[in-house]
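Under the numbering used here, the residue at position 147 of the sequence shown is numbered 163, and the numbers go up by one with no gaps.
Be careful, since some hints might not be right.
Cβ pair distances, simulated, as ranges [said to hold, decoys possible]:
hint, residue 1, residue 2, range
1, 122, 34, 51 to 57 angstroms
2, 87, 133, 37 to 43 angstroms
3, 170, 127, 23 to 29 angstroms
4, 293, 132, 41 to 47 angstroms
No lab work stands behind these hints, which were simulated from the structure alone. We treat Cβ as the ideally placed atom computed from N, Cα and C, and that holds for glycine.
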Amino acid sequence: MKYRVTHRTRYAGADSVSVGHNQAWLEFRPSDRQQVEAFTLQITPEPSIRSRRIDAFGNPVHLFSFNEGYQQLEITATTTVTVREPCVPEFVRRTRISELRERLPRKAVLADREALEFLFPSAKVQWTSAIQQWAAETLLPEMTLPEAVLALTARIHHEFTYDSRATTVNTPVPEIFRIRRGVCQDFAHLQIAALRSAGLPARYVSGYLRTVPPPGQPRLVGADASHAWCAAYAGNGEWIDCDPTNKTLCSTDHLTLAWGRDYSDVPPVTGVCVGGSQHRLAVNVDVLPLSDSPKPL
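Can you build the whole structure from these sequences, using the hints too?
The structure is reproduced here in structure tokens:
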């Protein structure tokens, strides 16, 4: 499936920013199931300095600074990307949680060693004994990893309510667990915490979700939004991506932008500035399908 994704971020304030330094995780990372065919990042006004780097997790990061100031900043990322269905190897379908827990400490392959950094608490993923016990009720050792991931995904979807006003970007996982409400970022963090508490590496994935309008209704340009889900490590470099907000494993409707330990590793745009009081943020995302037949990767 081929898409054109446009992500537009606009900052405007009552006062001008005199100096600003920013980072943006808006360029799609390459992966085994998606191919980036074109990418542009337009920044208005033109920054004083621009550069690009690859972060510790392999994500492209764009850095830009302003030395002459601005009152309004607009950042537009436009990407053409082809996504294909994930292929779950047979050994992943058969792997039981108990086997994976036993195998990981041996670090049989380099990917196992790299996955272990997604096993520990991180800035926005902490858990309590109550969360660990709650996770253990679902993640039974005799279950295969796909069975366990689907069961946990479904449980979060059923027990928690989507509520965009219940949390902020800084709401900790134990609070989300207590109030049983949140948004996609919160549910991804909760599922990661549950998996890690059970000894299973899990990472945070930022990206986009293709939305389909109701029957008979036109597709609304710009009505899409950034999305977040998580991925559980299955051994030998394989990961299972799952979306607890929508109770599903990820497929061609999920477009991967970046991944890290949690949201703080891969925010769309972050930075510091001098000035710019009372600034307003507006984000507009458009995920446009271009074809129903993906090209061979």
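Hint numbers contradicted by this structure
Per hint list: zero violations.
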